[in-house]
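Read in order, the letters of the sequence shown are residues 1 to 197 in our numbering.
Certain hints may be false.
[Stated by the list, open to error] Straight-line C-alpha distance at most 30 Å; calculated DSSO-like pairs for lysine-lysine:
| id | residue 1 | residue 2 |
| --- | --- | --- |
| 1 | Lys60 | Lys130 |
| 2 | Lys162 | Lys94 |
| 3 | Lys130 | Lys141 |
| 4 | Lys162 | Lys60 |
| 5 | Lys151 | Lys110 |
| 6 | Lys141 | Lys54 |
[Said to hold, decoys possible] So the derived label-pair ranges between C-beta atoms look like this:
| id | residue 1 | residue 2 | range |
| --- | --- | --- | --- |
| 7 | Lys130 | Pro25 | 20 to 30 Å |
| 8 | Glu73 | Arg22 | 41 to 51 Å |
| 9 | Thr139 | Tyr186 | 37 to 47 Å |
Hints in this document: simulated from the structure, not taken from any laboratory. No residue lacks a Cβ here, since even glycine has one placed at the ideal position from N, Cα and C.
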Amino acid sequence: MSGTLFVFSAASGAGKTTLINRVIPDFPNVVYSVSATTRNPRPGEVDGVHYFFKTKEEFKRMIEQNELIEWNEVHGNYYGTPKFFVEQKLEEGKDVALDLDVFGKINFDKIYPQAIGILILPPSMEDLEKRLKTRGTETRKTLKLRLENAKKETDFAVTQGKYQHVIYNGDLEIAIAELKGIMEKYSSFKSSIQSGS
1 MSGTLFVFSA ASGAGKTTLI NRVIPDFPNV VYSVSATTRN PRPGEVDGVH
51 YFFKTKEEFK RMIEQNELIE WNEVHGNYYG TPKFFVEQKL EEGKDVALDL
101 DVFGKINFDK IYPQAIGILI LPPSMEDLEK RLKTRGTETR KTLKLRLENA
151 KKETDFAVTQ GKYQHVIYNG DLEIAIAELK GIMEKYSSFK SSIQSGS
């Protein structure tokens, strides 16, 4: 039995990672897809667990050999989804969760039109700006770039993206409940909470 594909997209700072990390553990059949990237590992990140870390030369070779389902350049680094990982997990009957930007998802949908798209948005751009400032990791220049990109991504997702579900992540607990409900609907196996395990 083939598993279900869940594709998450969001503007940077919309709280996608926090939301996914709170929900995915309740679904033991869901495997988080590991992307390839040319960016440097952050503290604590492990190759093959958080990302497959590649040089630009290695990444370009993967593109040439058609080993990526989709790929994109974001903030000067390349990100892509290795085909072997997704195919292997689906064949094992696992559900696969992927984190793709809105542009990458367009290409992904050509190969996997059955994927369930979930778009996570902040309540407003003002709220997003506040969140990014609170992180304290952005310079004025990168903050401006991230906000411009977030607006572009959101506009593109809403007008041209294929998302069956949109979650406005204002209240985290409400957003968690929404996402759990969506995943319960499509997942091959029910969450551990629902099954009482």
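Violating hint indices (sorted, rising): 1, 8
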